[in-house]
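Residues per chain are reported as follows:
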Amino acid sequence: MEIHLILIFMITAAIIAVEVKDLLSSVVAVGAVGIGLSMAFLLLKAPDLAMMQLVVEILSLIILIRATIRKDIPFSTSGRWAFNTMATFAFMAIFLAAAYLALKEITPFGHPLMRVSRMYIEESMAKTGVLNIVGSIMLNQRVLDVLGETTIVFAAVVGVLAVTRKKWKAE
Amino acid sequence: MNTGPSEKKGMTIIVKTVTRLTLGFILLYGIYIALNGHIALGGGFAGGVIVALSFVHVMLAFGKEVALKRLRVKNLRIIICVAALTFLLVVLSRFGGARNLLDSEIMIPLVEMAIVGAGLFAIFVALALLAKGDKDSE
Numbered sequence: 001m002e003i004h005l006i007l008i009f010m011i012t013a014a015i016i017a018v019e020v021k022d023l024l025s026s027v028v029a030v031g032a033v034g035i036g037l038s039m040a041f042l043l044l045k046a047p048d049l050a051m052m053q054l055v056v057e058i059l060s061l062i063i064l065i066r067a068t069i070r071k072d073i074p075f076s077t078s079g080r081w082a083f084n085t086m087a088t089f090a091f092m093a094i095f096l097a098a099a100y101l102a103l104k105e106i107t108p109f110g111h112p113l114m115r116v117s118r119m120y121i122e123e124s125m126a127k128t129g130v131l132n133i134v135g136s137i138m139l140n141q142r143v144l145d146v147l148g149e150t151t152i153v154f155a156a157v158v159g160v161l162a163v164t165r166k167k168w169k170a171e
Numbered sequence: 001m002n003t004g005p006s007e008k009k010g011m012t013i014i015v016k017t018v019t020r021l022t023l024g025f026i027l028l029y030g031i032y033i034a035l036n037g038h039i040a041l042g043g044g045f046a047g048g049v050i051v052a053l054s055f056v057h058v059m060l061a062f063g064k065e066v067a068l069k070r071l072r073v074k075n076l077r078i079i080i081c082v083a084a085l086t087f088l089l090v091v092l093s094r095f096g097g098a099r100n101l102l103d104s105e106i107m108i109p110l111v112e113m114a115i116v117g118a119g120l121f122a123i124f125v126a127l128a129l130l131a132k133g134d135k136d137s138e
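Here the protein sequences line up with chains A and B, keeping their order.
Numbers 1 to 171, taken from this note's numbering, label the letters of the first sequence in order.
Numbers 1 to 138, taken from this note's numbering, label the letters of the second sequence in order.
If we strip away everything but chain A, and leave its shape as in the complex, we get (with noise of 0.2 Å):
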């Protein structure tokens, strides 16, 4: 019940940041979904992932409130209204059936399909003596993915700075 009522808060904070014509208004509102969405992680027991959406969206917060808005940034509100409307009404309709496929393939919640995960839960604490299950799969089994994902990161950053490497060599 009461990730019903975070789900619909959370679209109606996604259309008011889309809807609305102030900047900053947009950026609040894009706020609220993510703090929503770590409430639902919440109440999906991860909290792993509610802290870490939390803190991920407070930092991007802060850097499109604090680093991106300016006073003169284009806002374009006409246009192919018509078409972006068709266009829209088309993608909700492909991905809500696809969506509806796919769900009903799922299994049960709390059911693993695969036998390597159920490998996983019942006998990572006895291998690797770490508490946290999330932290013993990263730390141990996946640690390539780590790996990658750490390299994703990296990736990222060097590629902001290599961007903005003017105003570097500027300073």
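It is worth saying that the hints were derived from the structure and are not from the lab.
Any given hint might turn out to be false.
Claimed, not checked - FRET-style restraints, in silico, Cβ to Cβ:
| # | chain 1 | residue 1 | chain 2 | residue 2 | range |
| --- | --- | --- | --- | --- | --- |
| 1 | B | 85 | A | 104 | 40 to 50 Å |
| 2 | A | 111 | B | 93 | 35 to 45 Å |
| 3 | B | 11 | A | 21 | 25 to 35 Å |
| 4 | A | 25 | B | 12 | 21 to 31 Å |
| 5 | A | 105 | B | 74 | 44 to 54 Å |
| 6 | A | 85 | B | 20 | 49 to 59 Å |
| 7 | A | 93 | B | 9 | 49 to 59 Å |
| 8 | B | 70 | A | 25 | 27 to 37 Å |
| 9 | B | 70 | A | 89 | 49 to 59 Å |
| 10 | A | 144 | B | 82 | 12 to 22 Å |
| 11 | A | 65 | B | 26 | 13 to 23 Å |
| 12 | A | 105 | B | 11 | 47 to 57 Å |
| 13 | A | 159 | B | 93 | 27 to 37 Å |
| 14 | B | 93 | A | 19 | 46 to 56 Å |
As the list claims (entries may be wrong) - Sample of chain A residues at the chain B side, in silico, Cβ under 10 Å:
| # | residue |
| --- | --- |
| 15 | 48 |
| 16 | 52 |
| 17 | 54 |
| 18 | 131 |
| 19 | 140 |
| 20 | 143 |
| 21 | 144 |
| 22 | 151 |
| 23 | 153 |
| 24 | 157 |
Stated by the list, open to error - Which chain B residues stay away from chain A? Per the calculated CB distances, all over 12 Å, these:
| # | residue |
| --- | --- |
| 25 | 22 |
| 26 | 66 |
| 27 | 70 |
Keep in mind the model is a prediction, meaning the values are calculated, not measured.
Idealized CB from N, CA, C, for every residue including glycine.
Mind docking chain B on chain A? Use the hints.
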């Protein structure tokens, strides 16, 4: 912390005093989250973001000169690159079964925290320097 001529910049004296008091605790909390990822919630990524947030906090309260004086841009790049190479070394050393060479529960969250913290703060500094044009936001 004697900031000298840049005392005028940044936010009000209330924000600056609270920042002086809480900066160390936020930094310590980020390191705690990173190093206790195997016992409680969190991990290297969340800890790194909290560490980056503590520097962003200083930068918002005191202006960018004070924050960049404490942590030079060149040092940020060195931290990111050394941490990435250390991470690669730690993961590759696990292939030969060398579990005791570098204890993974300590080293992996630590280097991940360094990469994420320094990287996100570097992105924030880069975007703030990119927006140098508007003077009234300083």
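The hints, checked one at a time:
no. : hint                       : verdict
1   : 85/B <-> 104/A: 40 to 50 Å : 47 Å, holds
2   : 111/A <-> 93/B: 35 to 45 Å : 37 Å, holds
3   : 11/B <-> 21/A: 25 to 35 Å  : 28 Å, holds
4   : 25/A <-> 12/B: 21 to 31 Å  : 25 Å, holds
5   : 105/A <-> 74/B: 44 to 54 Å : 52 Å, holds
6   : 85/A <-> 20/B: 49 to 59 Å  : 53 Å, holds
7   : 93/A <-> 9/B: 49 to 59 Å   : 53 Å, holds
8   : 70/B <-> 25/A: 27 to 37 Å  : 34 Å, holds
9   : 70/B <-> 89/A: 49 to 59 Å  : 52 Å, holds
10  : 144/A <-> 82/B: 12 to 22 Å : 21 Å, holds
11  : 65/A <-> 26/B: 13 to 23 Å  : 19 Å, holds
12  : 105/A <-> 11/B: 47 to 57 Å : 53 Å, holds
13  : 159/A <-> 93/B: 27 to 37 Å : 28 Å, holds
14  : 93/B <-> 19/A: 46 to 56 Å  : 53 Å, holds
15  : 48                         : 5 Å, holds
16  : 52                         : 5 Å, holds
17  : 54                         : 9 Å, holds
18  : 131                        : 5 Å, holds
19  : 140                        : 7 Å, holds
20  : 143                        : 6 Å, holds
21  : 144                        : 7 Å, holds
22  : 151                        : 8 Å, holds
23  : 153                        : 6 Å, holds
24  : 157                        : 4 Å, holds
25  : 22                         : 15 Å, holds
26  : 66                         : 15 Å, holds
27  : 70                         : 15 Å, holds
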